[in-house]
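Engineer: Sequence:
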Amino acid sequence: FGIIVGIAVVVIAAMIGLFSINSEERKIYKEAKSLMESGSYYSAEYRFDSIRDYRNSDELYTECFNKARYNDAKARMAKGDTENVQIAEELLKEISGYEDSNELLLECNKIIIYNQAVQNMNDMYYEQAEKLFESIYDYSDSKDMAEKCRSFQIYSYAHSLYQAQNYKEAKAEFESLGDFEDSEDFAVLCEKGIKYQEALELYEAESYEEAKLIFDEIPDFEEAVKYSTWCDCIPKYAQGLELFNNGKYAEAKESLKTCADANYLDSKDLYDKADRYQYYEEDYQAALKLYNAGKYYSAKVAFEKLGDYKDSAKKAENCVRSKPSSGEIYHNSSYKSSSVDLKITAPSST
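Each number in my numbering corresponds to the 1-based position in the sequence shown with 2 added.
Note that these hints are calculated values from the structure, not bench results.
C-beta atoms are modelled at their ideal positions from N, C-alpha and C, and glycine is treated no differently.
You may find that some hints are simply not true.
Restraint ranges, calculated between C-beta atoms of paired labels, are given here [unchecked claim]:
hint, residue 1, residue 2, range
1, Glu183, Gln130, 12 to 22 Å
2, Arg323, Glu203, 25 to 35 Å
3, Val12, Arg57, 22 to 32 Å
4, Asn117, Glu183, 55 to 65 Å
5, Leu267, Glu203, 12 to 22 Å
6, Asn294, Gly329, 52 to 62 Å
7, Gln165, Lys270, 46 to 56 Å
8, Val342, Asp263, 55 to 65 Å
9, Gln165, Glu203, 15 to 25 Å
10, Gln165, Val303, 38 to 48 Å
11, Glu129, Asp184, 35 to 45 Å
12, Val120, Ser162, 20 to 30 Å
13, Asp51, Glu129, 25 to 35 Å
14, Glu211, Ala174, 27 to 37 Å
Pairs of lysine-lysine, DSS-like flavour, derived with a Cα cap of 25 Å [claimed, not checked]:
hint, residue 1, residue 2
15, Lys345, Lys297
16, Lys250, Lys312
17, Lys29, Lys76
18, Lys302, Lys270
19, Lys228, Lys194
20, Lys194, Lys170
21, Lys29, Lys69
22, Lys291, Lys259
23, Lys345, Lys307
24, Lys112, Lys81
25, Lys325, Lys297
26, Lys238, Lys228
27, Lys250, Lys170
28, Lys317, Lys307
29, Lys35, Lys81
30, Lys297, Lys307
31, Lys275, Lys325
32, Lys133, Lys145
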């Protein structure tokens, strides 16, 4: 009887324990199923993993494992940045063969290449970018982007030609690009550059009238306005210089005004001299009168005030006389006596 009672107690305890275990597993299973149905696959996976031997938990665990990584990978791929896509790659490798995960792996690789190509393109490494885009022609707009990279290479080359003033070649390259970026605008600028160079050649060949006609067609290009004005200055400068040399300073100023404003050759200096010199002639004649009268000191002072006017500097030098061994250099006619009083006032400290 005692043995029978003991066995009964053990059986009942085992039954109670088993019932308790089943009740806990049933609760976890129910929670896991609910999480799975709501799409919380990572949480469901964790719970199913703790009851792998209960009913079909092992099968559901595997399904949650796959779905959690599959959905996570797709969400990261949708973000598009390289870091997330690389993580997506690792997740898809864990579930190789699940649904279209292998195809998604290939797409991840293309996204990473695409991103690198875009970065190269932004850094203006167009040739490298083009090669990367060509390697994934069937992905997104890679074909168009590769074409864009080719256009940018031509565009950059055209710009280098333009900067080197090879306008004819640059124009051909820009025209081949059609409406790409501002190629049409630069093609127009190249046409102006061609005309500008032609006008410069005419200018150097002293065909000023022909050169001016072309410069006037392109007033907004380089120094066309300046050269157009210089073409007008050629005869005016020659006329002004002749008037200046003939001492007709007021007339010289009028002729040189436009040239001076345009900074043509030394027109500005010549104009300024003519402006000063037109008032100097009277003073020059007065200085000459002093010189001829033997009043060398007064003449020297007068000539020095005239600066570079005519031969004033040379005349000022000639006013300096050497001391004679005897006799006098100059005698003021107001003074009849042959003697003179000399008073020397020295500083108090000497």
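Engineer: Work down the list of hints and note, for each, if the structure agrees.
Structural biologist: Taking the hints in turn, this is what the structure says about them:
no.	hint	result
1	Glu183 with Gln130: 12 to 22 Å	holds, 20 Å
2	Arg323 with Glu203: 25 to 35 Å	violated, 59 Å
3	Val12 with Arg57: 22 to 32 Å	holds, 27 Å
4	Asn117 with Glu183: 55 to 65 Å	violated, 23 Å
5	Leu267 with Glu203: 12 to 22 Å	holds, 20 Å
6	Asn294 with Gly329: 52 to 62 Å	violated, 20 Å
7	Gln165 with Lys270: 46 to 56 Å	violated, 32 Å
8	Val342 with Asp263: 55 to 65 Å	holds, 58 Å
9	Gln165 with Glu203: 15 to 25 Å	holds, 20 Å
10	Gln165 with Val303: 38 to 48 Å	violated, 59 Å
11	Glu129 with Asp184: 35 to 45 Å	violated, 22 Å
12	Val120 with Ser162: 20 to 30 Å	holds, 24 Å
13	Asp51 with Glu129: 25 to 35 Å	violated, 51 Å
14	Glu211 with Ala174: 27 to 37 Å	holds, 31 Å
15	Lys345 with Lys297	holds, 23 Å
16	Lys250 with Lys312	holds, 13 Å
17	Lys29 with Lys76	violated, 31 Å
18	Lys302 with Lys270	violated, 29 Å
19	Lys228 with Lys194	holds, 16 Å
20	Lys194 with Lys170	holds, 10 Å
21	Lys29 with Lys69	holds, 22 Å
22	Lys291 with Lys259	violated, 33 Å
23	Lys345 with Lys307	violated, 30 Å
24	Lys112 with Lys81	holds, 14 Å
25	Lys325 with Lys297	holds, 15 Å
26	Lys238 with Lys228	holds, 15 Å
27	Lys250 with Lys170	violated, 49 Å
28	Lys317 with Lys307	holds, 12 Å
29	Lys35 with Lys81	violated, 29 Å
30	Lys297 with Lys307	holds, 16 Å
31	Lys275 with Lys325	violated, 36 Å
32	Lys133 with Lys145	holds, 11 Å
Hints 2, 4, 6, 7, 10, 11, 13, 17, 18, 22, 23, 27, 29 and 31 from the earlier list are contradicted by this structure; the remaining hints agree with it.
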